[in-house]
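Based on the sequences and whatever the hints tell you, model everything.
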Amino acid sequence: MWDELSKRLMKSVQISAPVRVPPTRTHPPESISVSEDNDRIQWERLRSNNPNIKMVIARSSIGLNLDKEFYYNYRSMISVKFLQIGVYHHFLGGQNSPTPDEQLQFLKDILENVEFNKKRHLIGIAVQTEYNADADPLTFTAKLSIFVNLLLKNDFMRPLIYCNNNSWEKLIDPTVADELFSRLPLWIARYTDDPFPQYPETWKSRGIKWWLWQYSELGVVDGIINHVHYNRRNKFYFIQDDMFRSAV
18 MWDELSKRLM
28 KSVQISAPVR
38 VPPTRTHPPE
48 SISVSEDNDR
58 IQWERLRSNN
68 PNIKMVIARS
78 SIGLNLDKEF
88 YYNYRSMISV
98 KFLQIGVYHH
108 FLGGQNSPTP
118 DEQLQFLKDI
128 LENVEFNKKR
138 HLIGIAVQTE
148 YNADADPLTF
158 TAKLSIFVNL
168 LLKNDFMRPL
178 IYCNNNSWEK
188 LIDPTVADEL
198 FSRLPLWIAR
208 YTDDPFPQYP
218 ETWKSRGIKW
228 WLWQYSELGV
238 VDGIINHVHY
248 NRRNKFYFIQ
258 DDMFRSAV
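Quick note: the sequence shown uses the numbering used here, first residue 18, plus one each step.
Worth flagging that the hints you see were computed from the coordinates, not collected in a lab.
Every residue, glycine too, gets a C-beta built ideally from N, C-alpha and C.
Wrong hints could be hidden among the right ones.
Mimicking BS3-like on lysine-lysine, the simulated pairs with C-alpha atoms at most 25 Å apart in a straight line are [stated by the list, open to error]: (1) K252 to K226; (2) K135 to K125; (3) K170 to K71.
Distance ranges between label pairs, derived from CB positions [stated by the list, open to error]: (4) E132 to N82: 33 to 39 Å; (5) K85 to R223: 22 to 28 Å; (6) P191 to L100: 16 to 22 Å; (7) I95 to N243: 31 to 37 Å.
In structure tokens form, the structure reads like this:
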């Protein structure tokens with residue numbers, strides 16, 4: 018279905034080259050997400066002093082730009098042996114952005130350099146207005162659909178979609194591939210202490226629960242000198258869920 022949709026969209030769309038919650042130690046996170054914004058992380062210290070952290074997801078890239086800490090972070094995450102690890106790519110789909118093919122090839126090259134395990138480790142796609150302020154919803158949706166299809170055709174597991182409600186509403190045209198997007202696990206960014214975060218209708222209207230919830234941007238973790246993002250997995254799912262390995 019993704020392949021058929023991508024071919025149709027390629028013909029119809031021209032593609033050119035919140036409220037902050039204070040950190041808390043009463044509910045230590047099971048998962049964190051990191052990037053170069055966290056500076057140089059002391060991974061051995063982090064792993065030893067935060068046994069509650071089972072999963073870490075590191076940013077790999079933004080468009081055609083490498084996160085400068087990615088190679089160090091990913092290799093360290095492998096070395097200290099978390100239960101699950103993953104990477105995420107900020108997708109660009111605005112005017113004059115790199116094509117989906119260019120971004121996929123760039124991402125593949127990065128991940129090959131660290132011997133990324135496609136069949137075990139998670140891969141996420143970040144959909145944010147921060148990097149796509151000039152994007153047209155129809156064109157962006159077409160480009161994102163093509164990028165998802167390219168990941169699947171290159172034998173990556175079912176990708177996570179990372180977004181907040183505002184970005185998804187502004188960037189995605191629900192008439193194009195809404196049902197197909199709903200088949201991808203959702204990583205919702207919603208900074209609140211409400212135990213039932215709002216999330217996009219693409220999933221909610223179909224009774225599909227979010228997989229991961231980024232609930233704070235002000236986390237405090239021994240081994241990281243500045244704030245880090247806290248994530249919480251929906252207990253409806255497993256941390257190494259077979260869903261990621263199943264066909265979309």
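Check: Does the Cβ distance between K85 and R223 fall inside 22 to 28 Å?
Finding: violated (39 Å)
Check: Has the hinted range 31 to 37 Å been met by the Cβ atoms of I95 and N243?
Finding: Since I95 and N243 have Cβ atoms about 23 Å apart, the given range 31 to 37 Å is violated.
Next item on the list: Verify the proposed pairing of K252 with K226, using a straight-line Cα cut of 25 Å.
Entry: holds (10 Å)
Next item on the list: Take the C-beta atom of P191 and the C-beta atom of L100, compute their distance, and say whether it sits inside 16 to 22 Å.
Entry: violated (35 Å)
Item checked: Outcome of range test on Cβ distance (E132, N82; 33 to 39 Å) -> The hinted range 33 to 39 Å is violated for E132 and N82, with Cβ atoms some 22 Å apart.
Notebook entry, point to check: Between K135 and K125, is the straight-line Cα distance small enough, at 25 Å or below?
Noted result: holds (10 Å)
Next item on the list: Verify the proposed pairing of K170 with K71, using a straight-line Cα cut of 25 Å.
Entry: violated (29 Å)
Comparing the model with each numbered hint stated earlier shows that hints 3, 4, 5, 6, 7 do not hold.
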